[in-house]
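**Student:** Residue-level listing of the chains:
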Amino acid sequence: MPEPRRATPYEQLFAGAAGGFAQSFVACPSELIKIQQQVVPTTTVSSTPSTTVAAAAAADALPPSTYDLAQTRIKLLGWRVGLFQGFTATILRDVPALGLYFWSYGWFKQRFERMVQDPGVRSDVKVRDSGSWIVDTLPAFMGGGMAGVTSWAFTMPCDVVKSHIQSLSLDSSSSSEVERRWLAVAKWGIEKHGVKYFFRGFGPAVLRAFPVSAVVFTVYEFIMTNLDNYDESIGGVY
Amino acid sequence: MSDVDDEMETSWRPFLWFFSKDLIAGTSGGMAGIIAGQPMDTIKVRQQTAASNVLPSSVKIARDMLRKEGPLSFFRGMVAPLIANAPINALIFTVYGGIVRKIEEDDGERGIIYDDGDVVSFKFSNCCLFMLLCWSHYCAPLFPAKRMLCGLSFPDTCSSHPFPSFLFSLSSLPPVAGTKKSDAI
Numbered sequence: 000m001p002e003p004r005r006a007t008p009y010e011q012l013f014a015g016a017a018g019g020f021a022q023s024f025v026a027c028p029s030e031l032i033k034i035q036q037q038v039v040p041t042t043t044v045s046s047t048p049s050t051t052v053a054a055a056a057a058a059d060a061l062p063p064s065t066y067d068l069a070q071t072r073i074k075l076l077g078w079r080v081g082l083f084q085g086f087t088a089t090i091l092r093d094v095p096a097l098g099l100y101f102w103s104y105g106w107f108k109q110r111f112e113r114m115v116q117d118p119g120v121r122s123d124v125k126v127r128d129s130g131s132w133i134v135d136t137l138p139a140f141m142g143g144g145m146a147g148v149t150s151w152a153f154t155m156p157c158d159v160v161k162s163h164i165q166s167l168s169l170d171s172s173s174s175s176e177v178e179r180r181w182l183a184v185a186k187w188g189i190e191k192h193g194v195k196y197f198f199r200g201f202g203p204a205v206l207r208a209f210p211v212s213a214v215v216f217t218v219y220e221f222i223m224t225n226l227d228n229y230d231e232s233i234g235g236v237y
Numbered sequence: 000m001s002d003v004d005d006e007m008e009t010s011w012r013p014f015l016w017f018f019s020k021d022l023i024a025g026t027s028g029g030m031a032g033i034i035a036g037q038p039m040d041t042i043k044v045r046q047q048t049a050a051s052n053v054l055p056s057s058v059k060i061a062r063d064m065l066r067k068e069g070p071l072s073f074f075r076g077m078v079a080p081l082i083a084n085a086p087i088n089a090l091i092f093t094v095y096g097g098i099v100r101k102i103e104e105d106d107g108e109r110g111i112i113y114d115d116g117d118v119v120s121f122k123f124s125n126c127c128l129f130m131l132l133c134w135s136h137y138c139a140p141l142f143p144a145k146r147m148l149c150g151l152s153f154p155d156t157c158s159s160h161p162f163p164s165f166l167f168s169l170s171s172l173p174p175v176a177g178t179k180k181s182d183a184i
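Chains W and H, in that order, are what the protein sequence lines are. Residue 0 is where the first sequence starts when you use numbering that gives the first Met the number 0, and the numbers rise one by one after that. Residue 0 is where the second sequence starts when you use numbering that gives the first Met the number 0, and the numbers rise one by one after that.
These aren't lab readings, by the way, just hints derived from the structure by calculation. Be a bit skeptical, because a hint or two may be false.
SDA-like cross-link-like pairs, simulated, lysine to any residue; straight-line CA separation at most 20 angstroms [what the hints assert, rightly or not]:
no.	chain 1	residue 1	chain 2	residue 2
1	H	K67	H	L54
2	W	K191	H	L54
3	H	K67	W	P62
4	W	K195	W	S168
5	H	K59	W	K74
6	H	K101	W	T7
7	W	K74	W	K195
8	H	K59	H	P38
9	W	K195	H	L54
10	W	K191	H	V53
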């Protein structure tokens with residue numbers, strides 16, 4: 000039996016991109032609802048979206064629940080616009096983002112592993128459970144954090160456009176079909192705000208990316224290792 | 000009968016477990032990440048969708064939210080991503096994990112062996128890279144720089160894009176020549 004080898008970062012890039020494509024079918028509706036609930040609940044400016052949250056704020060009522068918002072949108076707009084507003088923008092963001100995410104995760108993790116491992120340990124062979132958290136956990140934590148920062152830094156422009164499209168409300172007159180198109184929004188942004196439009200929210204996004212991705216990958220690797228160990232402890236695959 | 004049961008056991012359980020492990024680990028990781036990142040995410044989205052040309056700073060946004068809307072407003076909108084987290088991870092980690100494991104198992108033995116001993120292997124990873132190349136060519140009209148090149152060299156063919164519009168709704172792409180300027184939103 001050949002010894003198990005690791006996928007190279009480039010192979011992970013493809014696998015991640017495929018994963019990104021698959022995830023955008025679910026991520027789009029959930030991000031849409033999330034953003035509609037997050038945006039500023041005041042109607043001060045015409046071009047920012049007044050949402051149902053805003054309407055609720057004006058009427059001094061409770062903001063709509065996740066379920067209510069989704070249901071209202073489907074009823075009023077149909078499922079295509081109601082749940083998949085900004086779908087193209089989501090795909091454009093998620094395919095490169097996840098490819099880059101997993102590629103840089105592999106790359107950074109390898110670098111960090113080389114730093115903490117004994118020299119002579121082959122980097123292309125899977126090692127797990129050496130007994131030291133510095134060897135087992137730290138590379139995943141640092142690698143995950145750096146991967147998050149890399150992927151967010153490069154896909155920021157796509158994310159701005161996506162957030163913008165998804166924040167457009169169903170009751171504002173500005174969100175006609177033409178203006179929900181990603182190319183139109185990108186052009187509008189560049190004309191109105193200049194190139195810096197594409198880097199709005201860069202600071203918080205990158206700041207957030209490190210701890211989030213570090214936690215995601217650390218928890219993922221930790222649980223995966225334990226499940227694998229469990230398999231071995233009962234002598235084979237569960 | 001027990002033989003049939005045993006066979007089912009040995010054939011299906013590893014297969015299901017193979018994916019469930021990714022799903023369990025991925026979902027736990029994802030949920031921890033969403034909760035950890037939600038306050039910053041809210042600030043990010045508010046900055047991105049701000050209408051004014053001068054962006055309010057993260058600190059100002061956070062302070063205003065805390066004062067006007069209360070601390071819970073930082074976690075508004077967290078339910079949808081948390082609910083979607085399990086299916087998202089099911090998709091990512093089965094697609095990603097599945098492909099990576101397939102690549103890792105692939106030892107390049109499959110392929111054509113020629114008379115002189117040369118092997119042209121159909122390694123899964125190579126096929127993947129090839130597909131990625133094809134995809135990028137297929138998507139060429141999407142990217143501005145390539146659109147420009149494409150429009151210069153094939154002014155007639157480039158005005159229509161090859162996508163199935165029901166999937167990508169790229170009917171939104173205006174033709175390269177004579178693009179109508181859209182009004183400000």
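**Student:** Now, for every hint given, state plainly whether the structure supports it.
**Tutor:** Here's how the hints hold up against the structure:
1. H/K67 with H/L54: 19 angstroms, holds
2. W/K191 with H/L54: Since the Cα atoms of W/K191 and H/L54 sit roughly 13 angstroms apart, the hinted pair holds (cutoff 20 angstroms).
3. H/K67 with W/P62: Holds - the C-alpha atoms of W/P62 and H/K67 are around 14 angstroms apart, at most 20 angstroms.
4. W/K195 with W/S168: Status violated; Cα separation ~24 angstroms.
5. H/K59 with W/K74: 37 angstroms, violated
6. H/K101 with W/T7: Roughly 12 angstroms separates the two Cα atoms, so the pair holds.
7. W/K74 with W/K195: Outside the cut-off at roughly 37 angstroms; violated.
8. H/K59 with H/P38: OK: H/K59 and H/P38 at ~14 angstroms, within 20 angstroms.
9. W/K195 with H/L54: Distance of about 10 angstroms is within 20 angstroms: holds.
10. W/K191 with H/V53: 12 angstroms, holds
When each numbered hint is compared with the structure, violations occur for hints 4, 5, 7.
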